[in-house]
Amino acid sequence: MSSGIEYVPVIGLEVHAQLLTRTKMFCRCPAEFGAEPNTMVCPVCLGLPGALPAVNREAVSMAVRLGLALGCTIENESVFARKNYFYPDAPRNYQISMYDRPLCCGGSLVFEDGEEEVSIGLERIHLEDDAGKLLHDRGGHSLIDFNRCGVPLVEIVTLPVIRSPRHASLYLQRIRQLLRYLGICDGNLEEGSLRVDVNISLRERGDETLGTRTEIKNLNSFKAVEAGLETEIERQRGELEAGGKILQVTNLWDAKEKRLVMMRRKEHTNDYRYFPEPDLPVLTVGDDWIEDERAKIPELPLERERRFQREYGLSAYDAGVLTTESNIADYFEETVRLTGEPKMSANWVMRDVLRELKTSGGDIGVFPAGPDALAGLIDLIKEGVVSTSAGAEVFTAILESGESAVDAVRRLGLEQISGEDVLEAIIDRIVESNPDALERYRGGKKQLMKFFVGQVMKESGGKADPVIAGEILRKKLDG
Amino acid sequence: MSGLAGKSIGELLRLYRKGEVKPAAVVNDCIDAIDIRDRVAGAFLEVFRDDAIACAEELGREDPGSRPLYGIPVAVKDNICTRGRPTTCGSRILEGYRPPYDATVVERLTAAGAIIIGKTNMDEFGMGSSNEYSAFGRVRNPWNEECAPGGSSGGSAAAVAAGMVPAALGTDTGGSIRQPASFCGVSGLKGTYGRISRYGLVAFASSFDQIGPLASDTEGCALLMQALAGPDGRDATAIADNCPELLSGLDAGLAGLTIAVPEELGGWELDPAVAAVLDEASRAISVAGSSPERVDLPGMETSIASYYVIANAEASSNLARFDGVRYGLRVDSDSLKGLYTATRTAGFGEEVKRRILLGTYVLSAGYYDEYYGKALAVRKMITEAYRDIFSRIDLLMLPTTPGPAFRLGERLDDPVSMYLSDIFTTPANLAGLPAMSIPAGLSADGLPVGIQLVAGAGREDLLLRGARGLEKLFRFRERFVPGGGEA
Chain A
0 MSSGIEYVPV IGLEVHAQLL TRTKMFCRCP AEFGAEPNTM VCPVCLGLPG
50 ALPAVNREAV SMAVRLGLAL GCTIENESVF ARKNYFYPDA PRNYQISMYD
100 RPLCCGGSLV FEDGEEEVSI GLERIHLEDD AGKLLHDRGG HSLIDFNRCG
150 VPLVEIVTLP VIRSPRHASL YLQRIRQLLR YLGICDGNLE EGSLRVDVNI
200 SLRERGDETL GTRTEIKNLN SFKAVEAGLE TEIERQRGEL EAGGKILQVT
250 NLWDAKEKRL VMMRRKEHTN DYRYFPEPDL PVLTVGDDWI EDERAKIPEL
300 PLERERRFQR EYGLSAYDAG VLTTESNIAD YFEETVRLTG EPKMSANWVM
350 RDVLRELKTS GGDIGVFPAG PDALAGLIDL IKEGVVSTSA GAEVFTAILE
400 SGESAVDAVR RLGLEQISGE DVLEAIIDRI VESNPDALER YRGGKKQLMK
450 FFVGQVMKES GGKADPVIAG EILRKKLDG
Chain B
0 MSGLAGKSIG ELLRLYRKGE VKPAAVVNDC IDAIDIRDRV AGAFLEVFRD
50 DAIACAEELG REDPGSRPLY GIPVAVKDNI CTRGRPTTCG SRILEGYRPP
100 YDATVVERLT AAGAIIIGKT NMDEFGMGSS NEYSAFGRVR NPWNEECAPG
150 GSSGGSAAAV AAGMVPAALG TDTGGSIRQP ASFCGVSGLK GTYGRISRYG
200 LVAFASSFDQ IGPLASDTEG CALLMQALAG PDGRDATAIA DNCPELLSGL
250 DAGLAGLTIA VPEELGGWEL DPAVAAVLDE ASRAISVAGS SPERVDLPGM
300 ETSIASYYVI ANAEASSNLA RFDGVRYGLR VDSDSLKGLY TATRTAGFGE
350 EVKRRILLGT YVLSAGYYDE YYGKALAVRK MITEAYRDIF SRIDLLMLPT
400 TPGPAFRLGE RLDDPVSMYL SDIFTTPANL AGLPAMSIPA GLSADGLPVG
450 IQLVAGAGRE DLLLRGARGL EKLFRFRERF VPGGGEA
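From first to last, the protein sequence lines stand for chains A and B.
For the first sequence, numbering that gives the first Met the number 0 assigns the number 0 to the initial residue and increments by one for each residue that follows.
For the second sequence, numbering that gives the first Met the number 0 assigns the number 0 to the initial residue and increments by one for each residue that follows.
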């Protein structure tokens, strides 16, 4: 039953990204994963009595770069603050974060959704340290692994301005892409190097007053963000239409069952009693430092996508696919530089290279066929040495052997036959041995052309240049 | 006992360099003195007998001139981490805890040739002014067993005063070095905030805490300060500049120093002995040069309140880590919250609980601005007022405490009167200034009273020079010994 009121979702995202620094946020322990539990720890990240934090400047640099890429104001002075709460994954029982004076303020992320340009305004970006990992139910105990404890995080907080689950998901995809372009986070949602919490409320259309918001955690994929939000929007809408009230709750998304599970009522959560971290002086980031970081920022995804359309005449779709990852875009551009063939290069990269990466799950950085190998193949096709169809076989051979396109073609004997003398001899033989077909062709059954072309390809082992062969055939048959 | 343990650092260094004594003899004398005197005093929580003797013997094979603190036994307050050795902070909650690392100051002492002789008793986590809040027994004042040694570095002050060790490290958050130094008749120095690394000091109130020396004279304090001070990459609040040279100008005298005294002491009644030594010092300063300038002491009404709000706020957070999950005391329960509650209820003493509650309260939503925010504003105001004063003068002279040591038990039921004994010491902590107490005279009851000097930020050199000047005036160590009245 509809009350006739239209509700509009208002969504905000908090993204936590683990930075790819060599060491942790406040100590010199390696920020590595996969080590034996509790081996990457020291008095500082274990929060032992007397140990003190010292800021990792590499983490600050990365956060500044991110802030600049998103058009934030980088504060010359920002303040670390303690967030106090008792939980066994935080060995000091407080987290060192930032509160009322974050490192980066404002800014926005711009992306395209079809024809629409979407700009998501940001509230802030700040630095903090990650907590340890709790391993529950191990022989009746809960165990703690502190290896992750102290790994640097940036928290990126949007304003409550996202209008749809789809935009929330696109925003997250674009943030992930940007973090990877900047080389500051590997963006793995499943493994938690990128984590997202969403806040969602409904307001009545035409009324600017925001409704009570709820929070969703445990969104481990783009799909989960969309599905979780859709589910919660429906739930809130149903509640409101039935005349109910929205309670301030935190829900967990259960991806398997596709449902929300209430984790806690917000009123019962901690008062975090934030106050300036007395163990750390004000974080001073001078203009020189900011300019140094600005100089390290590569061409950003949206700029690159637009340039690919402009410079290479690619469709918006192709440009988007080719710029998903910076190293794929690099691969493509290098291939274009070597061949001068943007369209052919785009087709080969999007079809063969990306398919191969997807099936092998490999990284383009260690891909066996580099841009020079692909460019060699494209050149051979362009020069007519191999056919496009044979090219796919050559590409597979390059992947397996690592040899050059020329060597693969030679080894496999896949050179295209384009010599008119050779082709004429083959065609003469075929025409002579198929008098019936010739008769019917000349009698008007022009479709038989296909039959003859097929015979030529069969006879030549697929190496005949189809264009030249076609010309000769037409001359013979029609003549 | 040979009396070596009661010598000053300077005296011992001169004996070593003349080849008249070896470190092992000094360490053995310290251990003998501790064995005899500490049964009553209760100054030590742990004595590193074997390690100290082994270290002394090893040093005995070195050239005595090779290191600045060659062969000097030093006692260390028990809130400073010593690797593999108990570090309890005077609290049940850390009973049995052995840190896996040494504090920066312990590393620096050892590198300078000092010998760590043991760990000294203290008010739990540094919270107290009488040493009565230790979980491991009270400390008695060597001048009168019925009196408190002061606190929170009461064990360190008593150990030096009783001649058990030539010097000790204390920590000063609101006066915890200077007040016990004054009560026990020894010299105690707190440097500029950040002068000595806090890495390995179990935090009470991070923005105030400073480690510093207690010794029988100013030269000893200067020698220790010089060895301990300096930047440390592990403490982001440590001062990046090196400490000024402290020894070469030590004997330059009072002449040429601009010393000021307070216009009035905010209505505080001083013990006659305290007033007398201040008058005597003022006269001496006038004789040496110009009469002391009179200045208004900033924040006499507000500094104690500001100090306790900020210190307790920080403490409530700093002490959150003692929860029974990873180290120290653990009282099991069937839930996580139960474990926290049971452990902290059993592990912390009354005063610590009181301060955690106060600190939690002042940081809570709705109270932050009213208390913590306001206290920070007061602190800033006081800091600026002192900066202004020290742009015009070199040193400020004032009492360390309003009176001499009070009797054990006397103030236990009245925490506010206990807090107020810090009235003259907390301003230097609020403003992060270097300050020192030196013994100046005896009260009518034969208890020591100290005199305090405060210098501008970074000017430990002027501070020690002034203190040395007053020390020569009062000749306290030559005139008086504990239990004996006039020497």
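Please keep in mind that the hints were generated in silico from the structure rather than gathered at the bench.
Worth double-checking, as some hints may not be accurate.
[Said to hold, decoys possible] Distance condition first, Cα-Cα at most 25 Å in a straight line; then the derived SDA-like pairs of lysine to any residue:
1. B:Lys352 / A:Thr249
2. A:Lys255 / A:Ile232
3. A:Lys244 / A:Lys257
4. A:Lys82 / B:Phe473
5. B:Lys336 / A:Thr249
Hint check:
1. B:Lys352 / A:Thr249: Not satisfied, since the Cα-Cα distance of roughly 32 Å exceeds 25 Å.
2. A:Lys255 / A:Ile232: holds (19 Å)
3. A:Lys244 / A:Lys257: holds (23 Å)
4. A:Lys82 / B:Phe473: violated (50 Å)
5. B:Lys336 / A:Thr249: Roughly 21 Å separates the two Cα atoms, so the pair holds.
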